[in-house]
Amino acid sequence: MKTDAEEPRRTLGLRPAFWGGREGSEASQKHSLNLRRLWKTTVLIMTVVSLAPLVVMTAVDYRVTQKSVESELVLRTSRIVSNTKRAVEFSLLERMAALDFIVQDNRFQMLTDCARLEAILDHLRLTFGGFVDLGVIDSTGRQLCYVGPYDLSGFDYSDQEWFRNVRDQGMHISDVFPGFRRVPHLVIAARHEIPGGGFYVLRTSLEAEFFNTLLSDLELSGNGDVFIVNSEGTLQTSSRMHGGVLDTIDLRVPEYSDSTRVFETPTRDGRAVLIGYAYIPETPFILMIVKQKAVLMEPWRDTRRKLIGFLALSLSAIMVVILAVTTYLVNEIHWADLRRVATLHQVEYTNKMISLGRLGAGVAHEINNPLAIINEKAGLIKDLFSYTDRYADDPKLLGIVDTILKSVKRCSEVTRRLLNFARDTDSETSPVDLAATVTEVLGFMGKEAEYRSIEVVVDIDKNLPKLETNCGRLQQILLNLINNAFAAVDDGGRIEISIRPSNADSITIQVEDNGCGMSEHELTRVFEPFYTTKRSRGGTGLGLSITYSLAQELGGSIDVESKPGEGTRFRVTLPLAWQRKKGTFDEGSAGR
Amino acid sequence: MKVLLVDDEEELVTALAERLSFRGIDADWSTSGNEALKLARAHTYDVAVLDIKMPNISGIDLKKRLEKMRPDMKYIFLTGHGSEEDFRAGSAEASQYLVKPLDIEVLIETMREVVEP
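In the order they appear, the protein sequences are chains A and B. Just so we're aligned, residue 1 is where the first sequence starts under my numbering, counting upward by one. Just so we're aligned, residue 1 is where the second sequence starts under my numbering, counting upward by one.
No lab work stands behind these hints: they were computed from the structure. What you were told as hints is all true, and nothing was included just to trick you.
Straight-line distance between alpha carbons at most 25 Å, and here's what the computed SDA-like set of lysine to any residue pairs gives:
hint: 1; chain 1: A; residue 1: K409; chain 2: B; residue 2: D8
hint: 2; chain 1: A; residue 1: K406; chain 2: B; residue 2: E10
hint: 3; chain 1: A; residue 1: K396; chain 2: B; residue 2: E105
hint: 4; chain 1: A; residue 1: K377; chain 2: B; residue 2: E18
hint: 5; chain 1: A; residue 1: K409; chain 2: B; residue 2: R112
hint: 6; chain 1: A; residue 1: K382; chain 2: B; residue 2: S21
hint: 7; chain 1: A; residue 1: K406; chain 2: B; residue 2: I108
hint: 8; chain 1: A; residue 1: K382; chain 2: B; residue 2: E105
hint: 9; chain 1: A; residue 1: K409; chain 2: B; residue 2: E113
hint: 10; chain 1: A; residue 1: K377; chain 2: B; residue 2: I25
hint: 11; chain 1: B; residue 1: K2; chain 2: A; residue 2: D383
hint: 12; chain 1: A; residue 1: K382; chain 2: B; residue 2: E10
hint: 13; chain 1: A; residue 1: K377; chain 2: B; residue 2: R112
hint: 14; chain 1: A; residue 1: K377; chain 2: B; residue 2: Q96
hint: 15; chain 1: B; residue 1: K2; chain 2: A; residue 2: L380
hint: 16; chain 1: A; residue 1: K409; chain 2: B; residue 2: D103
hint: 17; chain 1: A; residue 1: K377; chain 2: B; residue 2: S21
hint: 18; chain 1: A; residue 1: K293; chain 2: A; residue 2: S238
hint: 19; chain 1: A; residue 1: K377; chain 2: B; residue 2: D26
hint: 20; chain 1: A; residue 1: K306; chain 2: A; residue 2: E70
hint: 21; chain 1: A; residue 1: K382; chain 2: B; residue 2: D103
Produce the complete structure using the sequences and hints provided.
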């Protein structure tokens, strides 16, 4: 696996990386942001700010449109009712005017002449139609003359209500009633004064059919029904859905009003209907138009469906965008934060190393001077034995002196290593003796290899070109990799360190172990800061991430291969000549 | 070969001088810069072995003053401190630079190299 990206690997998936957090880890302690809350707050604010106006506007538009559609319906219904009312009223007036004309045209005596009356009825039938009969009744209620299908001459109407009505009020229009022939008809009667005192009544029957003719021509939307009822709710005309003539309608009779009115009401079966009505003046008739609300609102429902569909679509689109953008941004913050913490850590780590180096150097210096004296004194003792005869040649004493000298040598090796380490923590480049460096780093591991009987094989190409790089960084890289290898192998394992030229201007350092290895998942995260499988054993998860950036700083690269149970192989490729890039992070200056 | 040893640790220089004399090298020693200047004025030395860190006059300064007096003399620096500054100064100023504690054989070899390149 080769990691080219400088940043840690990102995992793809629905759950963003920041969501999980790293509870209790060092990283989370340094995070100043609660990213999950940030995400929630951002999503909430953005959702409210962008969705609320949209929803409100849609709701307002919805109501406004609905209102305007409804008022349009009311207006249209009201207009039709008014027009129809006028037509009905007019046709009644027309017939009454006709009767009036007859009265003006004929004196009372002429009207009591039945032949004359018959002629008039014929004329009326020819011109207006709908007239059934015609009768003249005197002031006592007796029918003086009658022309029509029945034999009603001499009939006494004095005790009938309509007669009293017409006598008192001058005019009467009756409800529709079946009459003798079972043909629905209505009666119009008018009182006329006889010059010189007294009055008579002209009475005529009209077939109710002429109402139907008037109304049947109307074209009504919304399964509309138009009909006329009287104040008892008895149908005066046939209706499409509310029964035939003289049936009682299944609706409440609307209250009196002298103007046209439209209202909405539910029917008995629960459907909403729009009812327009008008009382026809001076008659018992009420004109009613009933429309099905559901049918009327159908076009509106279509609009509404589109409106709501558009709203739903917009909401989902906005939500998707908000979620995606917020998740993306918060994730970016998460990674930036992680990088920041890692950098901080690296600076701390470097400072620690520098301090350690200085401390080591100080200790080494303090120890070196007395050590030098011990060295010279012991050397002198040995010389005294070797160069003079003053002291007996005592092999035991000589052995002791040799032991002292050997110990001094071992101590001085340690102090020398400490001093070297301190000297090399800056950014100077120098020619590096790779073999010596590897030996020195292995020296840091002390006797661990021996104790755990780990076989360490160092294989360095004899014909390596000269490497010029930063010794301190190289040491750290090797130290980290070798440290890792020691941690990975079991007792009795094997670690192989090999260094070979990889091409004309770079070398490859390979550290291979036959330890526990890593899974596919661990491999993808191995260079990620704070990723560790050794948390319980004090791992910080920074070793390899620092190694990674050290390799980068030296202008090289690092890659890793591993199989669980078989082992791991790290390979660092370094350029032979390290050109320090300007502007790169200078760890050496960080602590100074 | 005549050698001048300068180090503020008397125990070190005396032992070193004696050990060198066993090996046929004539070594004078002093524990301060002033004493060393006096010795150098009185005698001629092939090589001076100077400790870098000494009270009053440091090894580096001492070398500068000795150079004026004895331009032909060669120098070897000693230090117990492996600091970067010491290393730079030492490698720049002297032909050789050795870290204490010394291996006497290495010291002799180095002196030979310096005197007869």
